[in-house]
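Visitor: Chain residues, written in single-letter form:
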Amino acid sequence: MRPDELRTYLAKQHGKSLLRFLTCGSVDDGKSTLIGRLLHDTKVIFEDQLKTLEKDSRKHGTTGENIDFALLLDGLEAERQQGITIDVAYRFFATEKRKFIVADTPGHEQYTRNMATGASNSDLAIILLDARKGVLTQTRRHAYICALLGIRHVVLAVNKLDLGDAEAKDVFEAWDEQFRAFASKLGFASIVSIPMSALRGDNVIAQSQVFDWYRGPTLLAHLETVDIESDRRARSFRMPVQWVNRPNLDFRGFAGTIASGLVRAGDPVVVASSGRTSVVSRIVTMDGDLAEAGAGDAVTLTLKDEVDISRGDVLAPPNARPEVADQFAAHLLWMAEEELLPGRQYLIKIGTKTVPASVTELKHKVDVNSLEHLAAKTLQLNEVGFCNFSTTAPFAFDPYGESREGGGFIVIDRFTNGTVGAGMIEFGLRRATNVHLQAIDVNKSARASMKGQKPVILWFTGLSGSGKSTIANIVERKLHDLRHHTYILDGDNVRHGLNRDLGFTDANRVENIRRVAEAAKLFVDAGMIVLVSFISPFRSERRTARELVEAGEFLEVFIDTPIEVCMTRDPKGLYKRAKAGEIKNFTGIDSPYEVPEKPEIHVRTVDITPEDAADQIVARLRSAGVIP
Amino acid sequence: MAAPAQTRSRSPHLKRLEAESIFIMREVAAEFANPVMLYSIGKDSSVMLHLAMKAFYPAKPPFPLLHVDTTWKFREMITFREENVKRLGLKLIVHINEDGVRAGINPFDSGSSVHTQVMKTEGLKQALDKYGFDAAFGGARRDEEKSRAKERIFSFRTAAHGWDPKNQRPELWNLFNARIKKGESIRVFPLSNWTELDIWEYILAEGIPIVPLYFAAKRPVVERDGALIMRDDERMKLLPGEKVEERLVRFRTLGCYPLTGAIESPATTLEEIVAEMFTARTSERQGRVIDHDENASMEKKKREGYF
Ligand SMILES: Nc1nc2c(ncn2[C@@H]2O[C@H](COP(=O)(O)OP(=O)(O)OP(=O)(O)O)[C@@H](O)[C@H]2O)c(=O)[nH]1
Ligand SMILES: [Mg+2]
Numbered sequence: 015m016r017p018d019e020l021r022t023y024l025a026k027q028h029g030k031s032l033l034r035f036l037t038c039g040s041v042d043d044g045k046s047t048l049i050g051r052l053l054h055d056t057k058v059i060f061e062d063q064l065k066t067l068e069k070d071s072r073k074h075g076t077t078g079e080n081i082d083f084a085l086l087l088d089g090l091e092a093e094r095q096q097g098i099t100i101d102v103a104y105r106f107f108a109t110e111k112r113k114f115i116v117a118d119t120p121g122h123e124q125y126t127r128n129m130a131t132g133a134s135n136s137d138l139a140i141i142l143l144d145a146r147k148g149v150l151t152q153t154r155r156h157a158y159i160c161a162l163l164g165i166r167h168v169v170l171a172v173n174k175l176d177l178g179d180a181e182a183k184d185v186f187e188a189w190d191e192q193f194r195a196f197a198s199k200l201g202f203a204s205i206v207s208i209p210m211s212a213l214r215g216d217n218v219i220a221q222s223q224v225f226d227w228y229r230g231p232t233l234l235a236h237l238e239t240v241d242i243e244s245d246r247r248a249r250s251f252r253m254p255v256q257w258v259n260r261p262n263l264d265f266r267g268f269a270g271t272i273a274s275g276l277v278r279a280g281d282p283v284v285v286a287s288s289g290r291t292s293v294v295s296r297i298v299t300m301d302g303d304l305a306e307a308g309a310g311d312a313v314t315l316t317l318k319d320e321v322d323i324s325r326g327d328v329l330a331p332p333n334a335r336p337e338v339a340d341q342f343a344a345h346l347l348w349m350a351e352e353e354l355l356p357g358r359q360y361l362i363k364i365g366t367k368t369v370p371a372s373v374t375e376l377k378h379k380v381d382v383n384s385l386e387h388l389a390a391k392t393l394q395l396n397e398v399g400f401c402n403f404s405t406t407a408p409f410a411f412d413p414y415g416e417s418r419e420g421g422g423f424i425v426i427d428r429f430t431n432g433t434v435g436a437g438m439i440e441f442g443l444r445r446a447t448n449v450h451l452q453a454i455d456v457n458k459s460a461r462a463s464m465k466g467q468k469p470v471i472l473w474f475t476g477l478s479g480s481g482k483s484t485i486a487n488i489v490e491r492k493l494h495d496l497r498h499h500t501y502i503l504d505g506d507n508v509r510h511g512l513n514r515d516l517g518f519t520d521a522n523r524v525e526n527i528r529r530v531a532e533a534a535k536l537f538v539d540a541g542m543i544v545l546v547s548f549i550s551p552f553r554s555e556r557r558t559a560r561e562l563v564e565a566g567e568f569l570e571v572f573i574d575t576p577i578e579v580c581m582t583r584d585p586k587g588l589y590k591r592a593k594a595g596e597i598k599n600f601t602g603i604d605s606p607y608e609v610p611e612k613p614e615i616h617v618r619t620v621d622i623t624p625e626d627a628a629d630q631i632v633a634r635l636r637s638a639g640v641i642p
Numbered sequence: 002m003a004a005p006a007q008t009r010s011r012s013p014h015l016k017r018l019e020a021e022s023i024f025i026m027r028e029v030a031a032e033f034a035n036p037v038m039l040y041s042i043g044k045d046s047s048v049m050l051h052l053a054m055k056a057f058y059p060a061k062p063p064f065p066l067l068h069v070d071t072t073w074k075f076r077e078m079i080t081f082r083e084e085n086v087k088r089l090g091l092k093l094i095v096h097i098n099e100d101g102v103r104a105g106i107n108p109f110d111s112g113s114s115v116h117t118q119v120m121k122t123e124g125l126k127q128a129l130d131k132y133g134f135d136a137a138f139g140g141a142r143r144d145e146e147k148s149r150a151k152e153r154i155f156s157f158r159t160a161a162h163g164w165d166p167k168n169q170r171p172e173l174w175n176l177f178n179a180r181i182k183k184g185e186s187i188r189v190f191p192l193s194n195w196t197e198l199d200i201w202e203y204i205l206a207e208g209i210p211i212v213p214l215y216f217a218a219k220r221p222v223v224e225r226d227g228a229l230i231m232r233d234d235e236r237m238k239l240l241p242g243e244k245v246e247e248r249l250v251r252f253r254t255l256g257c258y259p260l261t262g263a264i265e266s267p268a269t270t271l272e273e274i275v276a277e278m279f280t281a282r283t284s285e286r287q288g289r290v291i292d293h294d295e296n297a298s299m300e301k302k303k304r305e306g307y308f
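In the order they appear, the protein sequences are chains D and B.
Going by the working numbering, the first residue of the first sequence is number 15, and it counts up by one from there.
Going by the working numbering, the first residue of the second sequence is number 2, and it counts up by one from there.
Just so you know, these hints were derived from the structure itself, not from any lab.
Quick reminder that beta carbons are idealized off the backbone N, C-alpha and C, glycines included.
One or more hints might be untrue.
Going by beta-carbon spacing under 8 Å, a handful of chain B positions derived as facing chain D [as the list claims (entries may be wrong)]: (1) P13; (2) H14; (3) K55; (4) K147; (5) T196; (6) Y215.
Isolated chain B (complex conformation) (with noise of 0.2 Å):
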């Protein structure tokens, strides 16, 4: 997967994001007792962690990797984080919420917004507090959403984890403040200067390693409420009239299967998606049947904990 030569460099641009990422990262490192990174498989989780790495070397990150598993990841997702977690020798916490499990939420039956609620947003705050954490990185960039652009780099969470985006601590410069009282925790965003595209660019420049479902192939897809779905196993009852076909598609955003539209694209490499990245006439967003639930519900959605 490793990109030709001649687009193998970082631009002054990326150089600067990535140094800013960097700095973020080890501020953290040194200000927090317990931190922890949050690792959702996609792009901006692949970069984020690259990121950690360069920022530590030749030391590991001092820290453990956690994942939210809502146990309707797409399966080459889970196969991609045990190989990555793997080469690059890190802790990986998986965490599922078993109550969700128990009372069968899932998001056919349950509906995305509860299920998301409960599989994701309630899974993160138990893993948070189990293990106590202090501080929790997230790969989410301001450029992703409107509340995202409002939301500082060190966010600051109350002890029940609510995000209060009418109060929050003014961040001047690159100061940042960590300190925080028992209980309470920050949400560390390190990618919150870079675009959809910087992500891209860089992940081109790097070659860094990225589940295959970003790149086009022949894949099984159900036409639903005008999103493709991909199915990924038998969970996913075809409704009368649906029927599955095998289509060129690609992802630009991953998350739980029946909530990730696919999109059709025949961009097999990293070189074709970038330069598909130009014509593009939709937000990768879009593609996230979560967000389209109701109004201002990212927002709502984080005053509640989700990240």
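Okay, chain D solo, but in the shape it has when bound (with noise of 0.2 Å):
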């Protein structure tokens, strides 16, 4: 090429836009193969690479003696053993007229949300068809998802045709109205149907010599073509605030992306849930300050005044504000093994905002073949249901139908931190217009949710002196600081109240203990974390105190310390008055201790400090599920 080519050639790429699409359709439809065959014809592949795939069609193909496209996407290990795609591929390719991003997704069920997340950036989406199936159900769920996703256009491209003895028109035309009689209620603005074999390339990217019958336009030039500009509608300006950026005491800007709409220097915006306005003064840029800027562009605005903005805040006009609520109703597409649970706390994040937030009601399932509302208690896996949300704090939001980046969210859990789902918002639910806030009862694990914790009696046990009440008051400060919502049963707080009338027999040492773990009881089923500490030394009391709760509920923590070190520290002279014969009964004197079997936590304490040991502990919480 030479520069006046080059010239020519940058010159272009100006005026180039850019199609994101997917391919999505029932396991092995042919999408892969589809997409390979794509870059394959234009050329984007090098030759080193189809060198490659020569060599691996030969090893995992599953075309004979020629090329196995898909091989050119499924790029992992375990995808090319068996024969599927499992995760999304991201590939990209340029024509004369556009460039194109493709989000090559797989087909098994398994694996629909990795489906979702190549559809939720897209424009456009190929639904591919077996000819020889037909529409299945997981065509139907992919062309819901893609519906529920936002996705306008969609290509039905009827694969496989150069196989079975039918007549290909006919079966072209029998499959194309079945879907259009299921996507019509999906109220897609375009569906382009085309015949097509992936494998040969007809309607790829060449008209087919075979099916003649058929007049529309090829895959490429229907990609090419299709428009979906006049889908974006204008919009109000909006910007969600990333970050404030203060590289000194006399710059304060809010850096962010344009989420919809133009702004410019001199336009008034309001900070919408706080409702403070300002004016922009400076669109600042490293390439200069601009006059204005519009959706996608990455700037940071100045303010004339002092205004408390900080990262999850939305700028918008005042005269055109987004919604600012804590409770709404919104389409859930969930994508976690573990079954959504409503009034379970969860963490959402919207724009640049995260907020605290549980389902207060699921309305309906989705069932994906009929697209019949069912009554339902939860979601399981990649299941689609309405549901009302509560969050723990107002944010702004637009409706998912008016803008994808104002009403798009995620769902994380707080346990395991994975992303469980994706939701949509429909419209906010204003208090007084709601009065089912609380669809579920209040029960444990409604109290527990809101803490974000799961309750459990962390039950101390070791010799006197052991220190167990030093490490226990260490582990529950730092649950504090981790904002856990804890209490501490020991002697001290229990002997003095609720045991007053105990003395030190046996039997008032095992109605003691009754009550401690009757006490501790309560506190799980009020939601806490309760830390007991008493040196409970006979395994049948603790084994007691243990079946009081649920299983996973009760945590034994051993104190282990050797009995010679107990009495070297000996903080209270106690085991030198019990030696002495003072104490009768002392525990490790002259009563026994009973070692803990299996504790759940066992902390020896020899060699480290009380705060090793709460770290120890407080780790153990997290492994096990307590706190996240």
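Make one complex out of these two single chains by using the hints.
Guide: So, in structure tokens, the structure goes:
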């Protein structure tokens, strides 16, 4: 290429638009093969990659002697071995007219979340069918998810028409009709059906010689020309603040990417959640200040006034504000093996804001085959439902139908940190009109979920002077710093009140522990983490306490300090007095201590500080899922 | 090295890519306690660094740079690294796996895969652990390799730095889940959606400084196993029958000099490099010796903690 040719080329790049699309449909319908074909035929595959492909095809191929184009996409070892796509692959290519980002997604139901990942940023979906199988449940599910995620344009690729005995034209028309009957309920702006053989390349780039009865565009011709610009309606200015830029005392900028609309220096803006207003003074970039900036631009705004703004706030025009609410209704696609639990507290991330939220009411789930609404108590993996949400604080949003950026959110599990759901806000709920604030029972799990923890009893046992109370106190302080709700029961606060009437006879000792255990159980029911710190030398009484609560709610913490060490520490001088015979029935001296057989947490205190011991316990609580 | 005026403007496509990368970097700065940017001195790193300067302007990027030095980089890369970091006024951490150095690991005797594993992957893990970084930016692009094409922009790593490609977090819209437990980390790839051509067009449009090795010059090269290896210092011993020749070559990617093949090319300007891209028949990875070692080698390395 000569320099003048390069200049012409670069100038041309300025005019090219971008189309993001995905392939989806049921497993083995030929999605990866189609994209492999498309990449190959648009010549983006280099020679060395082609050589590797030929080698791979011989080793892993499903197409006999021929090149298996799917192997261009199925890049993971597991995918090659199983011959299926597991996760979405992103590939890029360009033609004279457009640039393309394609997401090749898996058809297997188990990996629906990866299909949703690919669909979330796409403008168009190619839904494939195997001509021999037609419209399957998974075809419908993917079509529905595409619609839900706001994809407006669909290509129905009736693939593998090179196979089968029936007349290709009849098969094509039958599936086209069946699919349209279903998809008409989904409100797509355009559906174009194309008869295809991805394997041979019929109607992919080149018009098929075999299906000469088809007069429509080839796939590539359609992708190059489909109009997606008119979908982008002019919308009001929105900028979620990502990061506050404070390099020095004289500069305070709000960095973010403009989600929609246009902003100019001098425009009035409002912080949606607080209602505070100001005026844009500068639009700062490293390339110099801008007079105006629009959707998609990453900028830094400075304002005329000192307004309190932080990450997660949304800037908007005062006369066209987003909604602000702490309750809303949304569609929810559930993406985790562990089912959705209404009432449980999750985190949602919307724009740059992360806020604790729970489902207060699951209104229905959707049958992907019939699109019927079904009653449901929970959502399983890959199910879609319509729910009311409640958040711990009001936040700004726009309905998803108006703005993907303003109304799309992810749901994060507070314990596993996994991304477990994807939501699309339909509308906000005002408190006054929403009488069903608590559609769920207030029970143990509701109480615990509001506190973001699992209720448990931490039963500290060990010799006198072993460090139980010291360590329990530090653990409580650490949990408190992590904003958990805790309470300590020990001799001091129990013997002086609740158990004031009890002495130290054997019967009284048993009753003492029984009451402590019952009190601890009430705290567990209240959703708390209870730290109980008693010598509790006998296995049987510890077992009694354990059996009062549900499995997993009792964690025995053995503070293991050898008696010799306890005796040298002897903080209250008790060992000395016991040895002198002044105290009778002293544990370890003339009364036995029954060592725990299988404590959930075993802390050996010799050689470590109480602080270390407490850290060990907190770490165990984390790995046991008690706290996130 | 400034480009002529008529090519010096970003197309809407480059602007979009630029804005996306800036968004990603700001998310990381806002959500992580202790991020770091891996700086490998190559063209992608140069672009990534340039984008970071833009993302936080007028402030400096709120994280240090980290170079895991295998001690086998081209000398010109190290010179460039020092100059560039000084010019931008950034903090650079250089980490060398001293265990590997003591064990005498080198690309010639140990083989490329052991050398890469010890000096790069292990070195990287050591540095991440040493400084307790919870997020690390890398300049990898999805168009480089087929397992990269599968990777998320926020790529979760276990406390042992492992990648589990079969169990990646869904990543919808531009909502990145940055939540991790202690010890775990996220590798972040702000250039995921860039292609090699985009990188060069952007370098051209923005006039970003790059290591001179990318431009053609007469350099001393040895032909070995079908690759043109530049003899950058005396540590490279000649095998029987080999001879050093002065040839007009340049590099499409940069790494350890014994593992990086040069291409014969007369391209001495950015325009000529971009123009050459259109006639390229092979991928840039062709010149990297390490990728040919074994099948699916990139995925395997990544599962073990490689970038
Ligand atoms: N005869 C014929 N076979 C095809 C055609 N398209 C794909 N195939 C074959 O169908 C099989 C599955 O193809 P893939 O491309 O892997 O299917 P997929 O839809 O990507 O599968 P998943 O991603 O796992 O859901 C392979 O053996 C392909 O070679 C076609 O047009 N004609
Ligand atoms: Mg596939």
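Visitor: So, for every hint listed, does it hold in this structure?
Guide: Results for each hint:
Hint status for B/P13: holds, given a least beta-carbon distance of 7 Å to chain D, under 8 Å. Interface restraint check: B/H14 against chain D, minimum CB-CB distance 6 Å, threshold 8 Å, status holds. Of the supplied interface hints, the one on B/K55 holds, with its beta-carbon coming within about 4 Å of a beta-carbon of chain D, less than 8 Å. Taking 8 Å as the C-beta cut-off, the interface hint given for B/K147 holds, the closest approach to chain D being about 3 Å.
Interface restraint check: B/T196 against chain D, minimum CB-CB distance 5 Å, threshold 8 Å, status holds. Taken as an interface hint, B/Y215 does not check out: its beta carbon lies about 17 Å from the nearest beta carbon of chain D, beyond 8 Å.
Consistency with the previously given hints fails for number 6 only.
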